[in-house]
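Participant: Here's the letter readout for the chains.
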Amino acid sequence: MSILIGLMLLITVVASFLVLGLDRDYSKRIALFASGVVLAITILILITSLAQGSVSLSEQYNYVSAFGISLQLQMSAINFILVLMTTIVAFGTVLAGNPEHEHEKVANTLILLFEFAAIGLFTSANLFVFFIFWDVGVVALFFMINSLGSPNRRYASMKFIIYEIFASSLLLLGIMMIYFYTPVHSFNIQTIISSAASIPEATQAMIFFFLFVAFMVNMPMFPLHFWLPDAHTEASTQGSMLLSGVLTKFGAFGMLLLFSILPISREFAAPAAALAGFSTLYAAFVTMRQKDIKRVIAYTTIIDMGIILVAIASMNEFGTYGALFGMFAHGVTIALMFLVVGCVHHIFGTRDMRSVKGVVNQATSTAYSFLAGTFGITGVPLTTGFVADVLIFIGSIQAFGIIGALPLLGLLIIGAFLYFVINKSFLMTKDPLQRVDYIGVEQKIGYAFFMFFMFLFGVFPFLLLGLTNLQL
Amino acid sequence: MSLVASIISLLIAVSLLWNTQSVQSFVWFSVGNFGIPISTTTGALNMTLLLIVAGITPLIFTYSIGYLKAPSEQGRYYFEMCIFAAAMMLFAISANFITLFIAWEMLGLTSYLLIGFWQHKPKAQVAARKAITTIIIGDTAMLIAILLIWVTYQTFEFTSLLYVAITPQLYVAMLLIAVAAFTKSAQFPFTEWLADAMEGPTPVSAFLHSSTMVKAGVFLILVLAPIYAELNLLYIFIIFGVVSALIGATNALSEHHIKRILAYSTMEDLALMFIAIGFNALYAAMLLFVVQAFYKALLFMSAGSIMHAGDDEEDLFESFNSTKSKGLFFTMLIGTLSLAGVFPFSGFFGKVAVDSVAANFSSIQTIAVYIILSIIDLISSIYIFRWLFVPMRKASLDKAFTLNVNYRTLPKSMLIPAIILAVFVVLGAIIYVPLTSLLVLSGPPVSISLFDTILETVIVLAGIGVAYVLYVQRKLDGFTEKHGLLHGIFSSENSINSFYLYFVSFVDLVAKGIWQFDHYIDQILYYSGKGLVEIGNAARKLQNGQVNLYVAAFMLGLLALVILYAM
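Respectively, the protein sequence lines represent chains A and B. Residue 379 in my numbering sits at position 379 of the first sequence; the count goes up by one each step and never skips. So my numbering is basically just the index in the second sequence, starting at one, shifted up by 1000.
If you are wondering where the hints come from, they were derived from the structure by calculation, not from laboratory data. For every residue, glycine included, the Cβ atom is placed at its ideal position computed from N, Cα and C. Please note that a few of the clues may not be correct.
[Claimed, not checked] Sample of chain B residues with no beta-carbon within 10 Å of chain A, all distances over it, derived:
| id | residue |
| --- | --- |
| 1 | R1129 |
| 2 | M1392 |
| 3 | I1464 |
| 4 | Y1502 |
| 5 | Q1546 |
[Stated by the list, open to error] Here's a subset of chain B near chain A, in silico, CB distances under 10 Å, partners left out:
| id | residue |
| --- | --- |
| 6 | I1008 |
| 7 | W1028 |
| 8 | A1103 |
| 9 | M1106 |
| 10 | P1122 |
| 11 | V1126 |
| 12 | I1137 |
| 13 | L1143 |
| 14 | P1226 |
| 15 | I1514 |
| 16 | Q1516 |
| 17 | A1538 |
| 18 | K1541 |
The shape of chain B in the complex, shown without the other chains (with noise of 0.2 Å):
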């Protein structure tokens, strides 16, 4: 059912390309004068991902039938995933705010129902725990900034955002979309929740990763990119795209976990579209964009295969023989290649695309810049090679292993999208060129140098060999574990989990605070009015009817009254 309702989208998606690009708009409600519109678009990016969107559903959707066998979750899950991919496609088409936040808030909750959607795993419940808190963070921002616009302005458009006075407003609702898009992209500081979500089920992960959610906060500073640039604010997006690579490479250098290792990477290649958007190259940012769609879904759907047929073996130093079957092998090299960027393959363009923008060594930074991008180059072609050659050795004898036979029953559901995608893989930058005539961008094309091409080459196969010397030939086995510091900088996820810590534990000492502060406050008013009750008790007693008391009270009030005069 929803195989086939997924198509359809496609279909139509499809059928839109032929239309003329067009924004249709309505007044969802309104107040007084003001009305609240939703607005959808069909300019030339929004169909750009509209059509990654309606074309990998699909194929996800047909990898999950293979990989999902019990009945019972089968419902939740599949409502579930076309709300998701529905929300993606309402984002990929939203022309103003107000629509851009529905499709946003429903990809947050739902991605946070899928995350966390083996429910018998407490780690899954914990993983999706962290993405919603990091999540609606994000929400805050993006509802605070889009009001503040909204005041401002009168206007949820984006388009009519271009043309506005700039006033200290504007900055700051930028600031905190930037933030909502840090959020969902996973940028520096937002970037744990991405590697936790590996909790989810693969065809979770294949989509989020690919074209919906993560791809959600790049693609909203891509369409804002041209106010960001007014703004000279551009540069926050270098600057955190930088950080976030570093963090991404050098943790899926260090991770075991077969699918953490490309979700740190996801959120390496993010970092680099941050980074090209940072430089105004959005069409460089953009060829990433769809690239990355393609091969990152191919990998991870490769990533699930493995695991179904080792019965879920997770750690990738646990899993072997991953050449028996010859379809998942391939799939695997041909994503694996896409991503580090070797030369005929669609990954090869996306990525020194951002490299060449980045190559105008004009000032310090730039240079700066263009060496940490070699270097994360280089990192991302060993971590991935690392991921391709591991799995590949043969299990040991001493261990008992019968996991491996079922490599050759991996089911066609799962091999068929993984095989199409790969096909796309290689012509992803042919299919490319199509788009782009129809994109217009602000900014400098797309421009490959023969400098740049043979730099990339170089620093790839470079990568490569180190990957095969350390992992097919075994030697400086556990060399990072060895050394404390280079285990520092290779794990930075446990320091920016243990800063998550001490954040939530200080907002809980707040809480705690005020909660006893509370908890007194009561106190004090149930005791005084216990307090009122015994002196109403004890005045009671006053009235006991000895008329020799009430004598002698008076007197002594006399005698009082008396002395008060005297004095």
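Here chain A stands alone, though its shape is the one from the complex (with noise of 0.2 Å):
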């Protein structure tokens, strides 16, 4: 029994509330403590943890216990990964995301509170705990986009929350009747997990249905992602971070549950999978359309996130570890990029492809963090993306044969076209753009901050596939 998860929920809730009651001028202090505290919680774990070969903690907290209402919480390698993603991209956020310096009290009440839900969310032992930490983080950034994006963030807020109401609603569906039908009427994971079978299989096609569906919409996939390039271009850089590096995970996560408590879904695997590698190439497609570099990053988070159904839908240990890897790849350099984007756009008042010009010139921390970037995207060796790659389509080639391979044509397409980006708005230095503005230091130090991890993670992948407890 630990209370380092519980003490992590509580600093971020705490500071969270303290940032909106406090003065203006002290929030960004207060959120960079706070996170950087659950940052070196959560590394401090990591290194314990690496010293046994796993991590492994529970939690409960009793909120109502005559009618056995807890807060179930707990930590194996799975959840551990996501929470140190959650926790490093958060705490990259608070640090560097806000080059304008806007909004500051808001944006960190609602980073702090995003935070929050995360880590529950990643932790949870129980579907409803699952559920409630969902909501949080849905409304949070419904919020963050609502109030601190760019002028057509009502439209674009209003069609992500009505896209997560949607999943949001059939994800209650789901669990509800996963309730009802599991004979112990359990909302724990590993209750469910040990009595999935009995359900009749016809309700665990629906479920299954429910549950995907409801996932697709948040990870996103082909034909449901059209709330997340509208989303992104409106949002607030720090907004973005969050929500491509961190909120899209929350259905990934949920996949990787649903795959490993119904038993029927290793019957559903082939066209999960299938659906996911076409949303790649898909996705690969109309990013080559797009002129908003943001916009491009947006989708490209669709294709790395396909390509991680891919590898859950592959339903081995290769895939599982890949997509756990994946997840964590993504999350850092997605926010790595968007970090960069936002600070093109602030650096030169503009983020149209075809008029951003000789980034290199101007701001060449930021001309080459986006190259490094891209390296992670596109999975060079010695990043992160790369040993997600690896593990991601051993897995899935072990499951699929060759076929399975083909999502990694979207991963062509979509290097060929950001090298095309670099080369004309980035690295070419004729004609160059005027910039209208300077980043500060702590946005440099934000790129170095991210550029860390996805080097560190690239190079000694051990440090986290060192942990060997996958059980959820």
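Join the two chains, each given in its own frame, into one complex according to the hints.
Facilitator: Below, the structure is given as structure tokens:
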């Protein structure tokens, strides 16, 4: 029995309200301190558990013990990797994501609230808790887009919330069906896994369908991805970093849960993987027509999450590790990319790749960070993306044969296109666009921070893969 | 700094020679019971490549000191060059696919950065883009192949792959690896990036063409040749090699850009190596591999020096008076003689070795290949002497030339490495003898018959004669340009490029279609959402509190029900 996870949740939520209550001048310091402490706790857990070779924590906080309502939390390798990613992304977001220093108070409140939700969700041992944290996270991000984005934000945030409410309702329906059809009537994930085989097959299929669609919206997958580009384009930089870095992992984590809970999911694995693979190629082609650099990055999220779903659906050891590593890699890398794009917007006042020219001339660190982020996304060796790709595609080739390697073509297309963008807008210094503003040292530290983790776990992947306890 | 580092790495490489050949391996990371290892080897082939790379690197860096003067660019330049060299050294000693792939991608990416090094030149950026697009096609093919091999055999090691059962997966994987090697070594149909890569700084070209990058593809196939032999797939290297060699040789003949001529000739040399591998003559391929590294580095350094001295003039026909700097002209001459294959120079042994393996006139195909190889030898001696002769001309008086005053002030740091290389080129064949004693390869050893020697010499002399007539005596000036068909044959560059363009625009078209589909679905969803709101608004108007309207609706409904029941 430890209290570390509870402590992390407590720190984030208390800090969130402190930021809201106290003066604006303190907001960033408090948020930095809180997310820094949470990151430190996570790294502490990593160091101690690497010595043991596995991580296994479980906590229970009774709320109304007479009715058995309690907050059940657990942490195995799966949960841990996602929590680590969340804390890294959240700290980096607080640190660097707001070069304009606009609405710091609201932004930091919502970031901390979202971090609270994400940590809670990724460590929940109980589907009911899972659902509650899910909605808290979605609502926090809704306000983040709705109040902090660019001019067209209300349209985008409404679109986002409509899709997410649709997903939430299906999620609730699925969870309730699981609760009523398991013989013991429990929300606990362990209990459900051990007794889910007794649910009738037709019901299982129905539950699978509901939950799959719910998570598909969140991941997002074709044909339910339409909220994502708009939400990213209109959200503030911090909003995009959290949205793509962490929120999309809610869906992927849910998929991981779904595929391990329901025995019938084995039968749907191949179609799910086919859909994911199609989604990857589809998004790759759509990306090629985008003109807004932020939209390009937004679409790469669909590609990477598609690949992660392929890994989850291959349902073997490599696939699961690959999906986890892929989520980690994607979270850190995409946060870096959105940070860079946000800074480009801040420096030049535009994100249109037709007019942005000569970034390397005007803002060298920004241009090279974009290059490093591209390496991460396309899976260049010694970044986390490469380890993820190797694991994922070993898993998927094992499960589906050589067809399982087809999503790599999506990565090929997006790679070619991103290098095109780099050459056209970032590295070519002919007729550079004049900058209208500067970025501070915080943003540069932010680049270095994300790149540090991107390369650290890419060069030493055993730091994460040494955790071998994959039980949910 | 980087010069010191490169010399240290050369010393380490040389010191490795005295170690016993061994394979070292450690587990990088593991998943479940499976470990993903990193392994390195100091086998004979690997040591040869490592020595070449480690030997040429300090020379290139010395050359760069004279070439690149601007201090603001130096940090970036030496950083990228060091990584480039390090990646190639890692490639040279890799003993399994995962190590190889790491080096492979690092090579590709650093070469991309180096080709696009001149950030103010849009052409350089276009060239870099073309290179990276080709390269990542190869990378993807390679990644699929090695993962397929792992899933099938649970191994990444080259050596253990020799003893596995043959499965269809192995065929697929090996073909994909061949594609990857073709992209790296610029063989048909991935030829064009190499010529465009000349937009990069000259030392980069010298490095890229002699010992790194393009050699990676050939070397990979050399290492894996026994597996290809086992699968009976070697003939694909002959086919693609012959096609690429023809493309390279003919384009080199019609090209005007000083460095692009050499680029096309590299393409041809690499193709000759592939042809030798295709005949399973690994010694011959390796011999050409070694000597080509030296003479090509030398030629590129000389080309860079001509351009440097001539105020960065890139057109061969606009460069004059190359004989003014004796050192430069001497290095150019040696490089040219070696590339053409004149007898005592090292290039001769490389080329004749490759010709000899094709010279078993057992079937019609090998005879055809032999004839084509002879024609290619002829063309290559013509174009390289064209390259030598044309800048020798005196500048015509009607142009106010001031550009050749620089010839006497060529920096020492640009001349000395070239002279060292020239020594290597002359002695190349002699150096190779101790190396061959170290090598343990399958296939017949190099044998150079008198017949081949004589034939090669005759061909080369004929080529020199033709070049002399054409470019020194200036007969038939602009002959090929005047004849459409010949021009078509001798610059296939445009047709290959337009093939790429068609392919890209096809992909673009697909993307456009899918994007519009995406957009329309989004619009449909948007308007259907809006429609629902409109329906809601309309329905709201019905509840307007007027009782007579409610009564009317009630009566109508009742009427409808009655009618329904009555029917």
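Participant: Taking the hints in turn, state whether each one holds.
Facilitator: Evaluated hints:
no.	hint	result
1	R1129	violated, 5 Å
2	M1392	holds, 35 Å
3	I1464	holds, 42 Å
4	Y1502	holds, 16 Å
5	Q1546	holds, 33 Å
6	I1008	violated, 23 Å
7	W1028	holds, 7 Å
8	A1103	holds, 8 Å
9	M1106	holds, 7 Å
10	P1122	holds, 6 Å
11	V1126	holds, 7 Å
12	I1137	holds, 7 Å
13	L1143	holds, 7 Å
14	P1226	violated, 24 Å
15	I1514	holds, 4 Å
16	Q1516	holds, 8 Å
17	A1538	violated, 20 Å
18	K1541	violated, 23 Å
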